[in-house]
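Each chain is listed here by its residues.
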Amino acid sequence: KQEVTQIPAALSVPEGENLVLNCSFTDSAIYNLQWFRQDPGKGLTSLLLIQSSQREQTSGRLNASLDKSSGRSTLYIAASQPGDSATYLCAVTGNTGKLIFGQGTTLQVKP
Amino acid sequence: EAGVTQFPSHSVIEKGQTVTLRCDPISGHDNLYWYRRVMGKEIKFLLHFVKESKQDESGMPNNRFLAERTGGTYSTLKVQPAELEDSGVYFCASSVSGGILTGELFFGEGSRLTVL
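Protein chains in written order, with the working numbering: chain A, 1 to 111; chain B, 1 to 116.
Please note that a few of the clues may not be correct.
Stated by the list, open to error - Okay, derived cross-link-like pairs now, EDC-like style, lysine to aspartate or glutamate, Cα gap no bigger than 16 Å in a straight line:
1. Lys-78/B - Glu-57/B
2. Lys-110/A - Glu-15/A
3. Lys-42/A - Glu-83/B
4. Lys-44/B - Glu-15/A
5. Lys-15/B - Glu-57/B
6. Lys-44/B - Glu-14/B
7. Lys-68/A - Glu-15/A
8. Lys-1/A - Glu-85/B
9. Lys-1/A - Glu-17/A
10. Lys-41/B - Glu-3/A
11. Lys-78/B - Asp-30/B
12. Lys-51/B - Glu-85/B
I should point out that these hints are in silico values taken from the structure, not numbers from a laboratory. Small disclaimer: the values here were computed from a predicted structure and weren't measured.
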């Protein structure tokens with residue numbers, strides 16, 4: 001049974017810091033891994049998707065890596081801003097087509 | 001173009017009552033998914049429609065939950081009778097065929113259910 005774990009559960013940093021969010025999964029048989037952002041009371045917005053054959057994806061100040069063999073992914077946020085404050089969710093897609101989510105990391109970036 | 005819309009945004013009901021949540025997917029999206037997040041837990045899959053057919057309902061917690069998608073357009077998720085542990089946020093998502101593998105999955109803002 002696939003399980004996804006995110007560490008840390010919460011993170012508070014001053015503006016401008018670079019930070020890393022971690023995600024691990026127990027079964028390496030995945031199609032892809034996605035990082036989502038959720039703002040309070042809002043839906044999920046996909047930030048980055050890494051296919052199982054890829055090692056990383058980048059979008060602006062965000063970089064996500066995937067090490068499928070070790071069951072790990074990281075989301076790197078450069079030069080954090082208060083507007084980055086949100087909950088970040090990691091999810092893997094298995095062969096059933098379902099998304100399996102971690103519990104999320106709640107990020108607060110202080111001005 | 002409108003995104004995935006869900007109604008109501010928040011519902012407060014008493015234990016034993018019935019609630020019906022509605023999801024309108026993006027027009028033309030054959031795939032419709034329901035997920036939910038109960039407090040303190042991760043978001044979990046409930047079921048998947050392809051057009052009007054249930055492709056996978058393995059995540060439905062018990063027979064108090066009934067999902068329908070008549071005509072392959074909007075979907076409803078009815079909880080009857082509601083129990084305290086049903087409280088949480090119910091998300092709907094939609095995609096075109098194969099969209100889940102390409103990441104083109106669009107989520108609604110969720111319906112928050114509170115059962116007292």
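Hint check results:
1. Lys-78/B - Glu-57/B: 14 Å, holds
2. Lys-110/A - Glu-15/A: With a Cα-Cα distance of about 5 Å, the restraint between Lys-110/A and Glu-15/A holds, given a limit of 16 Å.
3. Lys-42/A - Glu-83/B: 25 Å, violated
4. Lys-44/B - Glu-15/A: 32 Å, violated
5. Lys-15/B - Glu-57/B: Given that 16 Å is the threshold and the Cα spacing comes to 24 Å, the pair is violated.
6. Lys-44/B - Glu-14/B: 24 Å, violated
7. Lys-68/A - Glu-15/A: 31 Å, violated
8. Lys-1/A - Glu-85/B: 23 Å, violated
9. Lys-1/A - Glu-17/A: 36 Å, violated
10. Lys-41/B - Glu-3/A: 12 Å, holds
11. Lys-78/B - Asp-30/B: It is violated: about 21 Å lies between the C-alpha atoms, which goes past 16 Å.
12. Lys-51/B - Glu-85/B: 30 Å, violated
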